[in-house]
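**Student:** Chain by chain, the residues run as shown.
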Amino acid sequence: MPAPVQCLLLACGNALRQDDGVGPWLADWALDNILSEPGLRILSRHQWAPELAEDIAHARSVLFLDTSTSTLPGQVLLLPVKPSSTVQGLATHHLDPPQLLCLARALYGVIPEEALLLTVGAASLEFQQDFSAIVHEALPRASELLQQTIQRLCHLPKPVLAPSPESPCQQI
Amino acid sequence: MTQTITIDPVTRLEGHGKITIRLSPEGQVETAQFHVTQVRGFEKFSEGRPFYEMPSLMARICGICPVSHLIASAKACEAIMSVRIPYPAAQLRRMLNLAQMVQSHALSFFYLASPDLLLGMESDPANRHIFGVVAAKPELGRAGIALRRFGQYIIELLGDKRIHPGWVIPGGVTEPLAPAKRDQILAMIPEALANVRLALDAYKQIADQFRPEIEVFANFPSLFLGLIHEDESIAFTDGELRMIDPSGAILEDGMNATRFTQVIGEAVEPYSYTKFAYYKPLGYPEGSYRVGPLARLNIARTMGTPLADAELVLFKQLASGPVQSSFHYHHARLIDMLFGIEKIELLLNDPLILDHHVRATAGVNQLEGAGIAEAPRGTLMHNYKVDENGKITWANLVIATGQNNNAMNRGVLQAARHYVRDGKFTEGMLNRIEAVVRTFDPCLSCSTHAFGQMPLAVSLLSAEGRLLDQAIR
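Residue numbers (the numbering used here), protein chains in the order written: chain A, 3 to 174; chain B, 171 to 643.
Note that these hints are calculated values from the structure, not bench results. Glycine is no exception: its CB is placed at the ideal position from the N, C-alpha and C atoms. There could be a bad hint or two in this list.
Unchecked claim - A few chain A residues that face chain B, going by a derived Cβ cut-off under 8 Å, partial list only: (1) P52; (2) A55; (3) E56; (4) L105; (5) A108; (6) D132; (7) I136.
Kindly generate the complete structure, drawing on both the sequences and the hints.
**Tutor:** Structure follows, in structure tokens:
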């Protein structure tokens, strides 16, 4: 069973597919620059698999890091995440943040008090290790927002987790 | 006029495949074929690489069972080097391979198969997935996830990465086991054992409900192949191969990797990129055989650990000889897991497991080498040829899914003939036909490899289904 943490940083992406690697890049940046924050745990994965539900259930807050293909290239966004009410498009090797929250609640009865998704819009997902120019330019903004968000999440004032009163995920 | 039913894609498998069922004008099933439609070709692009790169290259074939590829590849390289690896390295590799087996079997049983088993073959397909299982049986959902994590965590502790670890190399492993890591793994054993016991008990309670499926899910006599130790206990990483016939009589014993390359042939069919392995003395397709959990339990006299041995006794009571229905792969998979967890504990309690002698070194001493390990899905063989400088000139991989390929196709036909009558079928019937393939837990990404000229057929059909032209290359 994973140890409870204040903030779980959960990155997803493939560093060999150009801008898809922005999540792991930000996780590495956090490892180098903010790991001293108390209660911070950083996990970087190629895919978000169902096993992560247990880590999420034991975190007081979770910050997902990913690239986005549905926003403007280079756009940095920070959005709240709610558990999904549908499991359509479910895959055993890859879940999205709402599905992971849904699974955490269904299995362990708890979800983090706060769940956020930080994305950077992708310009290219070709087989390449360097980011596109526009994503490269966005990295300082994304890093700054990441640092501010982690600092806030690592110092949330409320006491640790209470069981969620909501029912398990609705099946559609 | 003939009709064709296509199930595309076949869901809850590792990789992409499809099933084609052809009906006669009277609506009876004439043929059924399981197609693997992706092609990869690792053998071809490894040519020219130094042999010592092969384990890490070949591990990239699969994200589920990279450890088996690492080990089979390293053993093939060690045959080229003519070295025997140190005892602690052999023990550590055994533990790594068992950890992988546990996490892979947990994926197969809990994520892929349990929706059919726990929710029912006829249940609403919209809920027939791991989320549906979690909603109906949360304790089993938690057990499955915990067992996946158990295996992955051991792989990560030993190899630094949970997928594609680089710790296994030709000659042994890169570093010894630290005492703190040993203690961390030992602390996880009781929970892992409790979780697999929970799954076994749940499975045994519901298995009787599936008697009709047991009858027609690839239930036929066949040969079985797997690794075994000298004391006839189950083996995953070392040992030698045993092949038995449908009555349980031994056809081959003490078969090493070199003998395997001599007696196992590979046929190709135009409808699949996966090869069809067969036992040469019986020819193709008569020499087709099965590998994997069912085969392992059929060839072994003992598991070698107390809890798994007690389960093996019950398993062998399912039939008077070898257990033939592929539905029982699920049951065998759970016993494999139980054994794996018990054996990991035994390995960790070996005082030599912390020994620092974990690597042998040598250059090229043979121009060809082959290595065998048991992957979760069954026997895996890597065979390489090198030049004097150690560069790969030829490679061939015989994968578990290719060795089960003929049985999967026979099983699909058997189930289709049973469930599809007079051209009528329901979603539940088609799910059962897919479920036959799932019993084997095939890994399609692992199974598609270049071997000589692979046939690719493009057919041009008229609106009435008449063949107008066909190009084969």
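**Student:** With reference to the structure, classify each hint as holding or not holding.
**Tutor:** Structure-based check of all given hints:
1. P52: It holds, given that the least Cβ distance between P52 of chain A and chain B is near 6 Å, below 8 Å.
2. A55: holds (7 Å)
3. E56: At about 6 Å, which falls below the 8 Å cut-off, the nearest Cβ of chain B leaves the hint on E56 of chain A intact, so it holds.
4. L105: holds (7 Å)
5. A108: Holds: closest Cβ of chain B sits about 5 Å from A108 of chain A, inside 8 Å.
6. D132: violated (22 Å)
7. I136: Hint violated; I136 of chain A Cβ to chain B Cβ min 30 Å, cut 8 Å.
Of the numbered hints given earlier, the model fails hints 6 and 7; all others are met.
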